[in-house]
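**Q** With chain A fixed as given, assemble chain B onto it according to the hints.
There are 2 protein chains.
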Amino acid sequence: MSKGIPKRSEDYSLWYNELVKKADLAENSPVRGCMVIKPYGFSIWEKMQAEIDRMFKETGHTNAYFPLFIPKSYLSKEADHVEGFAKECAVVTHYRLKNDENGNGVVVDPEAKLEEELIVRPTSETVIWNTYKNWVQSYRDLPILVNQWANVVRWEMRTRLFLRTAEFLWQEGHTAHATKQEAIDESVQMMNVYAQFAEEFMAVPVIKGIKSESERFAGAVETYCIEALMQDGKALQAGTSHFLGQNFAKAFDVKFTSKEGKQDFVWGTSWGVSTRLMGALIMAHSDDQGLVLPPKLAPIQVVIVPIYKGEEQLNAIRDKVNEFIPALRKAGVSVKLDDRDTHKPGFKFAEWELKGVPVRLAMGPRDMENNTLEIARRDTGEKETFDLSNDLVAKIEGLLTDIQDSIYQKAVAYRAEHTTEVNSYEEFKEVLESKGGFVSAHWDGTAETEEQIKDETKATIRCIHIDAKEEEGVCIYSGKPSSRRVLFAKAY
Amino acid sequence: MSKGIPKRSEDYSLWYNELVKKADLAENSPVRGCMVIKPYGFSIWEKMQAEIDRMFKETGHTNAYFPLFIPKSYLSKEADHVEGFAKECAVVTHYRLKNDENGNGVVVDPEAKLEEELIVRPTSETVIWNTYKNWVQSYRDLPILVNQWANVVRWEMRTRLFLRTAEFLWQEGHTAHATKQEAIDESVQMMNVYAQFAEEFMAVPVIKGIKSESERFAGAVETYCIEALMQDGKALQAGTSHFLGQNFAKAFDVKFTSKEGKQDFVWGTSWGVSTRLMGALIMAHSDDQGLVLPPKLAPIQVVIVPIYKGEEQLNAIRDKVNEFIPALRKAGVSVKLDDRDTHKPGFKFAEWELKGVPVRLAMGPRDMENNTLEIARRDTGEKETFDLSNDLVAKIEGLLTDIQDSIYQKAVAYRAEHTTEVNSYEEFKEVLESKGGFVSAHWDGTAETEEQIKDETKATIRCIHIDAKEEEGVCIYSGKPSSRRVLFAKAY
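Line order of the protein sequences matches chains A and B.
The letter at position 81 of the first sequence is residue 80 when you use numbering that gives the first Met the number 0, and the numbering goes up by one with no holes.
The letter at position 156 of the second sequence is residue 155 when you use numbering that gives the first Met the number 0, and the numbering goes up by one with no holes.
No lab work stands behind these hints, which were simulated from the structure alone.
The beta-carbon is built from N, C-alpha and C at its ideal position, and this holds for glycine as well.
Treat the hints loosely; a few may be bogus.
[Stated by the list, open to error] Just a few of them, taken from the derived set where beta-carbon distance is under 7 Å, the chain A residues facing chain B:
(1) Phe41
(2) Ala63
(3) Tyr64
(4) Val81
(5) Val107
(6) Gly309
(7) Asn370
Just chain A, with the same shape it has in the complex (with noise of 0.2 Å):
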């Protein structure tokens, strides 16, 4: 098969567009801005979800469903937050169409406007914050650890699949506390989470930090996130946990009596992750090839391919695989056999690596008679023969394990070789300019010095890394004291 995608030097933007598409990961829909999620990237983003929804079970939280619709009003009731999504909002006016007397279709019947609009969630903060008032009256109600699986909609202008589109899947955890430092330690704890799931399971290793003020959620009083480096030196911010401190316990009346017989305002956190995932995934791995994907979120683990040439050899490469198949699938691999016979071998192995599978057998004639198979990998491209009077099982297993952290080392490797510090704002741009990656730099701690650089450079602060050490020096751009290092890069 001809896989009609350019290499990532040549234009890596285009590189990732055409490799989701081609890959069947996703494509553009009608709807401006929002995409049709196709089944082979679906079955990624639920193995994703899986993990991770594993994950928020073990540290205590359930799962709950809330309305797709927020009242308007319900949005300006925390001041930062309606500045932060009344922007970019799709808003429903209306419940009813009707016939058009002039016979072109439908149109929107006037008569059924609603009292009052309503906004198609960009985040559920406000509405749940107003269902949690009804949830809480004592310190026996609390804490309250809610996940919600849902889509939102944000209005973006430009958008791209995956990485910024109108409408994504995503996961929001609301959680409610009866006191501060609870709240900040399940914020940092879903931080960590988060971490964990990128390192583990995506292969991605991640910055843990806190943004600065200006990249801040808006309503929240503190935004611990983690950052990761795709291969064109660009950060991408792959999840974010919001310590809310009482802001949306105040907005919506949120008070609960204390152990002590004491009211006080109810503390809390919200933390999400999304379908941009995908995009990190794609991103962090892939090559001019294709997908590679970690084993651990592969829907295929393992492709066999026969060679053969007409019906008699390929039913007995097929007897010869079904003595190992079941084999593999019982030690939790998935196989797939992919014996379409309107295929050729050679626009197979293609198809299995534009889809970044990370193990592909294939199986021939010869190795028939020396009881062989070729065993090929995804991310190195190295081959070699395996004599199946050996374990095979073992030998997949130890190839999985081995790939997973493969990939994992090697992006490791890159964000090192990306990661610079630099003492001048020559040195700053300089290094933007010829490599990008993450710049560990001096800042003066102003929001004014924070747009100046991203303003001329297009880089902004990623966060302060949340082991950031204490260190005298004197801001790039001001030359103002400084007391520790933060990171920028260009982002997406």
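**A** Positioned in the frame of chain A, the structure of chain B alone reads:
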């Protein structure tokens, strides 16, 4: 605890509403007609989803995701479809809010008006068939066997938690086939999958049948359905599967080239079940004490309540039950130890009864002395003392199987008692009035008769039984000849 729910015999409708709220399943939200599904209710829905999703995958389907919004013009492309949905849809007309000049929070920005209004999907045939147009060229691209888990919105004027809500959660399968027969077979297969799920997991017996023309899905050639009977003698449509013919393929110009090189329109199906199943589950089994959950869908299958005075006794019971809890969990039984010190055993008994936990184990000081515990089953209220020197895991496993079967048999018996053959309109009305349930009667096959019967009695044709036998008779209403009976009932 005071349950605060009325008896079914006093006010069935209020009993249902209060039970849904008091058992922490769902509640109304501030958005008209939209519900909040609370954690306990959602955990039951999750169990349903998991089983249904597994059954879909076992029958060859994969999940995908399509946009929330549908361009207004798409709805009009299939004539019946737009008739069915235009009158109750949420319409997005703008994409931005702005600050009100008079300081009244935010208002819709008139400058951010969409060129074409977007409908929040009431169902996704249109946007999906528009997508399939690009996925299908040849018979090799068929069949497409895709399902989507999603939220949909239908602006219902009279809503009830789970049964009829403006927004609800559902799955919608959308398949495309090369032949008419294959599409019909798919529709029938999915009706059977739904029936199997309802009976094996929900313990709700269902009638499989075909809808009359006036009850058919807007845009379908044939609608297959499963119909269940609630404890108040009203029927509830629990799932539908539609054979769409080539209607949507023609509306969206979806053609394929056959093996023989001929062009033809693709054949389609769609099928769905929703959070309405929660309503069916609740109303089919629950009693005046609260929920009765079938063990296969109960989030907690066994609850253990210690009866103690003081910390020392509690610790002794804790140690004792922790000897057998791991074995139960290992056997796949979900167990909760309710050792809260904030509530008395009587309160806990009532709470878990209300929440429908199938098996309650209680252990007090005398049990400790005798090495016994008390086992109570929720469905019958039967209690027994169990000697812990016997095999508790086997006992519990047997009990759960028995409860699952028993509540199913109870529902089967109820339905048998409430299914009546009648041969005159007087008898028909009398049965509906006195005991309700399914009424099997001859009908002349016309929409006029169907509508007049509905107007006069509120009973509708639920379905024509899939195995309905030919039987000469006369329509109970018009006296015209009829060749088979159909099932009438008042319905949710």
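**Q** Indicate, hint by hint, whether the structure satisfies it.
**A** Each hint tested on the structure:
This hint holds: phenylalanine 41/A has a C-beta 5 Å from the nearest C-beta of chain B, less than the 7 Å allowed. A cut of 7 Å between beta carbons decides the hint on alanine 63/A: the least distance to chain B is about 5 Å, and the hint holds. Checking tyrosine 64/A against chain B by beta carbon gives a least distance of about 4 Å; that is within 7 Å, so the hint holds. Proximity of valine 81/A to chain B holds as hinted, the smallest CB-CB distance being about 6 Å (cut-off 7 Å).
The beta carbon of valine 107/A comes within 6 Å of a beta carbon in chain B, closer than 7 Å, and the hint placing it at the interface holds. Violation of the interface hint for glycine 309/A is found here, the shortest Cβ-Cβ separation to chain B being roughly 21 Å, above the 7 Å cut-off. Taking 7 Å as the C-beta cut-off, the interface hint given for asparagine 370/A is violated, the closest approach to chain B being about 33 Å.
When each numbered hint is compared with the structure, violations occur for hints 6, 7.
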